[in-house]
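Protein chains: 2
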Amino acid sequence: MSNEKIPYKIYLSEDELPKQWYNVRADMKKKPAPLLNPGTGMPVTAEELGHVFCDELVKQELDETTPYIDIPEEILGFYKMYRPSPLVRAYCLEKALDTPAKIYYKFEGNNTSGSHKLNSAIAQAYYAKKQGLKGVTTETGAGQWGTALSMACSYFGLDCKVYMVKVSYEQKPFRREVMRTYGASVTPSPSMTTEVGKKILAEFPDTNGSLGCAISEAVEAATSQEGYRYVLGSVLSQVLLHQTVIGLETKTAMDKYGIKPDIIIGCAGGGSNLGGLIAPFMGEKLKGEADYRIIAVEPASCPSLTRGVYAYDFCDTGKVCPLQKMYTLGSGFMPSANHAGGLRYHGMSAILSELYDQGLMEAKSVEQTAVFEAAQRFARVEGILPAPESSHAIKVALDEALKCKETGEEKTILFGLTGTGYFDMYAYAAYNDGKMSDYIPSDEELQKSFDTLPKINK
Amino acid sequence: MSNEKIPYKIYLSEDELPKQWYNVRADMKKKPAPLLNPGTGMPVTAEELGHVFCDELVKQELDETTPYIDIPEEILGFYKMYRPSPLVRAYCLEKALDTPAKIYYKFEGNNTSGSHKLNSAIAQAYYAKKQGLKGVTTETGAGQWGTALSMACSYFGLDCKVYMVKVSYEQKPFRREVMRTYGASVTPSPSMTTEVGKKILAEFPDTNGSLGCAISEAVEAATSQEGYRYVLGSVLSQVLLHQTVIGLETKTAMDKYGIKPDIIIGCAGGGSNLGGLIAPFMGEKLKGEADYRIIAVEPASCPSLTRGVYAYDFCDTGKVCPLQKMYTLGSGFMPSANHAGGLRYHGMSAILSELYDQGLMEAKSVEQTAVFEAAQRFARVEGILPAPESSHAIKVALDEALKCKETGEEKTILFGLTGTGYFDMYAYAAYNDGKMSDYIPSDEELQKSFDTLPKINK
Numbered sequence: 053m054s055n056e057k058i059p060y061k062i063y064l065s066e067d068e069l070p071k072q073w074y075n076v077r078a079d080m081k082k083k084p085a086p087l088l089n090p091g092t093g094m095p096v097t098a099e100e101l102g103h104v105f106c107d108e109l110v111k112q113e114l115d116e117t118t119p120y121i122d123i124p125e126e127i128l129g130f131y132k133m134y135r136p137s138p139l140v141r142a143y144c145l146e147k148a149l150d151t152p153a154k155i156y157y158k159f160e161g162n163n164t165s166g167s168h169k170l171n172s173a174i175a176q177a178y179y180a181k182k183q184g185l186k187g188v189t190t191e192t193g194a195g196q197w198g199t200a201l202s203m204a205c206s207y208f209g210l211d212c213k214v215y216m217v218k219v220s221y222e223q224k225p226f227r228r229e230v231m232r233t234y235g236a237s238v239t240p241s242p243s244m245t246t247e248v249g250k251k252i253l254a255e256f257p258d259t260n261g262s263l264g265c266a267i268s269e270a271v272e273a274a275t276s277q278e279g280y281r282y283v284l285g286s287v288l289s290q291v292l293l294h295q296t297v298i299g300l301e302t303k304t305a306m307d308k309y310g311i312k313p314d315i316i317i318g319c320a321g322g323g324s325n326l327g328g329l330i331a332p333f334m335g336e337k338l339k340g341e342a343d344y345r346i347i348a349v350e351p352a353s354c355p356s357l358t359r360g361v362y363a364y365d366f367c368d369t370g371k372v373c374p375l376q377k378m379y380t381l382g383s384g385f386m387p388s389a390n391h392a393g394g395l396r397y398h399g400m401s402a403i404l405s406e407l408y409d410q411g412l413m414e415a416k417s418v419e420q421t422a423v424f425e426a427a428q429r430f431a432r433v434e435g436i437l438p439a440p441e442s443s444h445a446i447k448v449a450l451d452e453a454l455k456c457k458e459t460g461e462e463k464t465i466l467f468g469l470t471g472t473g474y475f476d477m478y479a480y481a482a483y484n485d486g487k488m489s490d491y492i493p494s495d496e497e498l499q500k501s502f503d504t505l506p507k508i509n510k
Numbered sequence: 053m054s055n056e057k058i059p060y061k062i063y064l065s066e067d068e069l070p071k072q073w074y075n076v077r078a079d080m081k082k083k084p085a086p087l088l089n090p091g092t093g094m095p096v097t098a099e100e101l102g103h104v105f106c107d108e109l110v111k112q113e114l115d116e117t118t119p120y121i122d123i124p125e126e127i128l129g130f131y132k133m134y135r136p137s138p139l140v141r142a143y144c145l146e147k148a149l150d151t152p153a154k155i156y157y158k159f160e161g162n163n164t165s166g167s168h169k170l171n172s173a174i175a176q177a178y179y180a181k182k183q184g185l186k187g188v189t190t191e192t193g194a195g196q197w198g199t200a201l202s203m204a205c206s207y208f209g210l211d212c213k214v215y216m217v218k219v220s221y222e223q224k225p226f227r228r229e230v231m232r233t234y235g236a237s238v239t240p241s242p243s244m245t246t247e248v249g250k251k252i253l254a255e256f257p258d259t260n261g262s263l264g265c266a267i268s269e270a271v272e273a274a275t276s277q278e279g280y281r282y283v284l285g286s287v288l289s290q291v292l293l294h295q296t297v298i299g300l301e302t303k304t305a306m307d308k309y310g311i312k313p314d315i316i317i318g319c320a321g322g323g324s325n326l327g328g329l330i331a332p333f334m335g336e337k338l339k340g341e342a343d344y345r346i347i348a349v350e351p352a353s354c355p356s357l358t359r360g361v362y363a364y365d366f367c368d369t370g371k372v373c374p375l376q377k378m379y380t381l382g383s384g385f386m387p388s389a390n391h392a393g394g395l396r397y398h399g400m401s402a403i404l405s406e407l408y409d410q411g412l413m414e415a416k417s418v419e420q421t422a423v424f425e426a427a428q429r430f431a432r433v434e435g436i437l438p439a440p441e442s443s444h445a446i447k448v449a450l451d452e453a454l455k456c457k458e459t460g461e462e463k464t465i466l467f468g469l470t471g472t473g474y475f476d477m478y479a480y481a482a483y484n485d486g487k488m489s490d491y492i493p494s495d496e497e498l499q500k501s502f503d504t505l506p507k508i509n510k
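Chains as they are written, first to last, in the working numbering: chain A, 53 to 510; chain B, 53 to 510.
Please note that a few of the clues may not be correct.
Any copy will do: because identical chains look the same in the list, a pair fits if it lies in one copy or spans two.
[Said to hold, decoys possible] Taking lysine to aspartate or glutamate pairs in the DMTMM-like style, the calculated list, with each CA pair at most 25 Å apart, reads: (1) Lys132 x Glu66; (2) Lys371 x Asp150; (3) Lys57 x Asp122; (4) Lys510 x Asp451; (5) Lys371 x Glu336; (6) Lys182 x Glu99; (7) Lys500 x Asp150; (8) Lys132 x Asp307; (9) Lys457 x Asp343; (10) Lys57 x Glu68; (11) Lys308 x Glu336; (12) Lys57 x Glu125; (13) Lys507 x Glu278; (14) Lys81 x Glu222; (15) Lys81 x Asp258; (16) Lys82 x Glu419; (17) Lys250 x Asp314; (18) Lys83 x Asp115; (19) Lys487 x Glu222; (20) Lys57 x Glu126; (21) Lys132 x Glu278; (22) Lys507 x Asp67; (23) Lys132 x Asp67; (24) Lys147 x Glu125; (25) Lys61 x Asp485.
Hints were generated in silico from the structure; no laboratory data involved.
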């Protein structure tokens, strides 16, 4: 089909929506390394994981062979309230950049959580409800995940306890109110409500908190109460599985109009959006059916792929979770308070880490003032005010489109616009006032956090 | 077509989008009363209005006979970035209410301005640009209009000066940053930057501001600078004209699936959303082709339709604008600071006022704690966090759906969900903390503001 006919926004009909998630591990010859029990150093069993996660989610976490997994009817029904998300042809941006590149973005921000996080939140809440649980606990950084989970729990009538990274809790008071409106309780982390929180506060009384700390507190809160389990918004393979709804919709929409992306770009913190967006494309790449250039974009202030090591590490600061082999900065890594927004996790999804290690995708790191410059430029022509996280992908998409302008190449660029920046106005204000700065950790600083890696790597 | 097949969300394709706005005045036998020059008491001329508004917008303001007006290509292009908006079947809400009623809402919140206001902002910015102006000035209350205009001006490279009602400026600092991100300047009103602002501050130094004050300041700022005009986000007939894109999309989507609403509900401040939503349905009603029950919902704290008088009034506190015949509380009316969100204008669109006076629509007023209760109930089942303004319509839609539950009637209810509440979290926090209160002006208070009506009515 000719590009002339491509609308500004492609919406799939309900009939065209994915009815199964895609498990990319099934098509990987070399699988991600197994999760290990931190005590024994042996692969964790379903039973061990079942103390922390819902049974069905444990099954999904450990399933490396089933390529397609049915999406339950109840989840499909919820998806229909806010999905499909639009695949947008950025005609206005292309014109403003005067580039021959064709730019598309999959926009996940048109729901109240403001991001793609809802795709997994509703799945995890559903399985918790189905198992007859009272509620779930979780951590949240920038607040997108916590909001998404609050919405999902409210829908199924589950209790929801959120541990929010302290610096975000203070920078984003309105996020807290959204979560409360959906009935969740929100505690700044580290807190005195858990043993691990007390321990971290004793050692680092002035800490801004980190996702690693908040995870430890949420896990403790789940495992110390009857009828609760812990749920997580990124990093885990189950989360990437749920997020494949993004990539599957994108692929269907692109196939419908005969569009083939040359470059696929996504921001990467724990990897949930990137993993979801690229999954069906990566599947083709793994099977040798197509080739795509895939770029993960991370903050220069938290550069797990570009400056981390590929090793077994703790998923949380309190070291209560299983060990995962991943690109990591060490669980002791604390992102600078100067860093705005999310993408502040010390490690990366095991699936993405393995794909990156196999050379199937690239990674770039970008500094935040350049990211906000790209965000503002994008907002002024495409209308949407992007989240700082999403703007990492925008920055690299703009760079690639401008390269096409130099070379005259008509490349097709696809990027994930994961969410909106309505709750990031302190950061935008800092940028508007010229008060935003950048921070790049020194080699010494990183070496210090690599020293927190578990002994099993030695 | 059977209701069984109606999707959760109906999106029109680009081909189905309206290419003309509908001018409902053309089908009104008795037209709205003409705008009057406050000095002479005579109908204002196009030349007089041309000092304040862009030429093409003056033409639209005064045109009572052309039923359909072409939407320029440049505006259609911009509309395609964020339109069509979805017509949503509220399946989850119906289930939660256990009502036989069929509930639909037209959701205008999926753009960065967070509301329908962008539909008119882009039109007004386009005509200003076409006329070769440097920039525009405006007022904003809750901030939705100012944000929308900032986005539109940034798109066309126009300067944008926003006077923001002081209480909103203070309650919504993040709105200001969104406007600044789009390049606008934002001044709290009343301010010392205009003569009228100085005068109001001298008389009422502790005022919270009002839309009426802010309009006066914006008009003065426009008329005292070369190359500037004033633009307004509601009340005017030109604004209602642009907003008919809402109703036209809704009607097309409903016709496509054979849906006929029994009741149409919209919140009403100045009337821009309600006027736009109901236009094509009202057109059928005026021509005797169909009948619909139409309900305007306003805050009990600012009840222009339900407790106002139908009279000529000043559109602004400074009394510099033409006189308009409308349902009004008097231009001296100042809404209580207790009132959260928008819908705080003292008068109502001349078109809607006349239709209401002819008995073609009803009006209800509702108190804000009940509005937030409805908002929370809606959010928890439909996902979307609604703006306080929109939640006025939700409240009455819930009431009507619950009446159907009692009577067993399967009525079809349509309401306008004008926007999202992401920038209203102080108000939600007050509601969450049980600290929200209601305010109903006394008869004495209203009588006092009626005394500010111009002598021409006597």
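Hint check:
1. Taking the shortest alpha-carbon separations for lysine 132 and glutamate 66, both the intra-copy value of 7 Å and the inter-copy value of 21 Å come in at or below 25 Å.
2. In this homomeric assembly, lysine 371 and aspartate 150 never come within 25 Å of each other (Cα to Cα): the closest approach is 50 Å inside a single copy and 47 Å across copies.
3. Within a single copy, lysine 57 and aspartate 122 get their C-alpha atoms only as close as 33 Å, which misses the 25 Å cut-off; across copies the closest is 22 Å, which meets it.
4. For the homomeric pair lysine 510 and aspartate 451, neither the shortest alpha-carbon distance inside one copy (40 Å) nor that between copies (67 Å) is at most 25 Å.
5. Neither within a single protomer nor between protomers do lysine 371 and glutamate 336 lie at most 25 Å apart by alpha-carbon distance, with minima of 37 Å and 67 Å respectively.
6. In the homo-oligomer, the alpha carbons of lysine 182 and glutamate 99 lie at most 25 Å apart inside one protomer (18 Å), although the nearest pairing across protomers, at 69 Å, exceeds that limit.
7. In this assembly of identical chains, the alpha carbons of lysine 500 and aspartate 150 never lie at most 25 Å apart, being 45 Å within a copy and 59 Å across copies at closest.
8. In the homo-oligomer, the alpha carbons of lysine 132 and aspartate 307 lie at most 25 Å apart both inside one protomer (21 Å) and across protomers (21 Å), since each shortest distance falls under that limit.
9. Taking the shortest Cα distances, lysine 457 and aspartate 343 sit within 25 Å of each other inside one copy (23 Å), while across copies they are farther apart (56 Å).
10. Within a single copy, lysine 57 and glutamate 68 get their C-alpha atoms as close as 20 Å, and across copies as close as 14 Å, so both meet the 25 Å cut-off.
11. Taking CA atoms no more than 25 Å apart as the test, lysine 308 paired with glutamate 336 passes inside one copy only; the shortest distance there is 17 Å, against 38 Å between copies.
12. Proximity of lysine 57 to glutamate 125 under the C-alpha cut-off of 25 Å is restricted to the inter-copy arrangement: shortest distance 16 Å between copies versus 34 Å within a copy.
13. Taking identical chains as interchangeable, the C-alpha atoms of lysine 507 and glutamate 278 are never at most 25 Å apart, the minima being 33 Å within one chain and 73 Å between chains.
14. Taking the closest pair of Cα atoms, lysine 81 and glutamate 222 never come within 25 Å of each other, the shortest separation being 45 Å inside a single copy and 58 Å across copies.
15. With identical chains, the CA atoms of lysine 81 and aspartate 258 are never at most 25 Å apart, being 46 Å at best within one copy and 72 Å at best between copies.
16. For the identical chains of this complex, lysine 82 and glutamate 419 are neighbours neither inside a copy (33 Å) nor across copies (62 Å), given an alpha-carbon limit of 25 Å.
17. Within a single copy, lysine 250 and aspartate 314 get their C-alpha atoms no closer than 49 Å, and across copies no closer than 59 Å, so neither meets the 25 Å cut-off.
18. When the C-alpha separation of lysine 83 and aspartate 115 is checked against a cutoff of 25 Å, the pair qualifies only within one copy, where the shortest distance is 11 Å, while the shortest distance between copies is 69 Å.
19. Taking the shortest Cα distances, lysine 487 and glutamate 222 sit within 25 Å of each other both inside one copy (18 Å) and across copies (22 Å).
20. In this homomeric assembly, lysine 57 and glutamate 126 come within 25 Å of each other (Cα to Cα) only across copies, at 18 Å, whereas the closest approach inside a single copy is 35 Å.
21. Neither within a single protomer nor between protomers do lysine 132 and glutamate 278 lie at most 25 Å apart by alpha-carbon distance, with minima of 33 Å and 51 Å respectively.
22. In this homomeric assembly, lysine 507 and aspartate 67 never come within 25 Å of each other (Cα to Cα): the closest approach is 51 Å inside a single copy and 63 Å across copies.
23. In the homo-oligomer, the alpha carbons of lysine 132 and aspartate 67 lie at most 25 Å apart both inside one protomer (11 Å) and across protomers (23 Å), since each shortest distance falls under that limit.
24. Proximity of lysine 147 to glutamate 125 under the C-alpha cut-off of 25 Å is restricted to the inter-copy arrangement: shortest distance 16 Å between copies versus 42 Å within a copy.
25. Neither within a single protomer nor between protomers do lysine 61 and aspartate 485 lie at most 25 Å apart by alpha-carbon distance, with minima of 34 Å and 40 Å respectively.
Against the hints set out earlier in the document, violations occur for numbers 2, 4, 5, 7, 13, 14, 15, 16, 17, 21, 22, 25.
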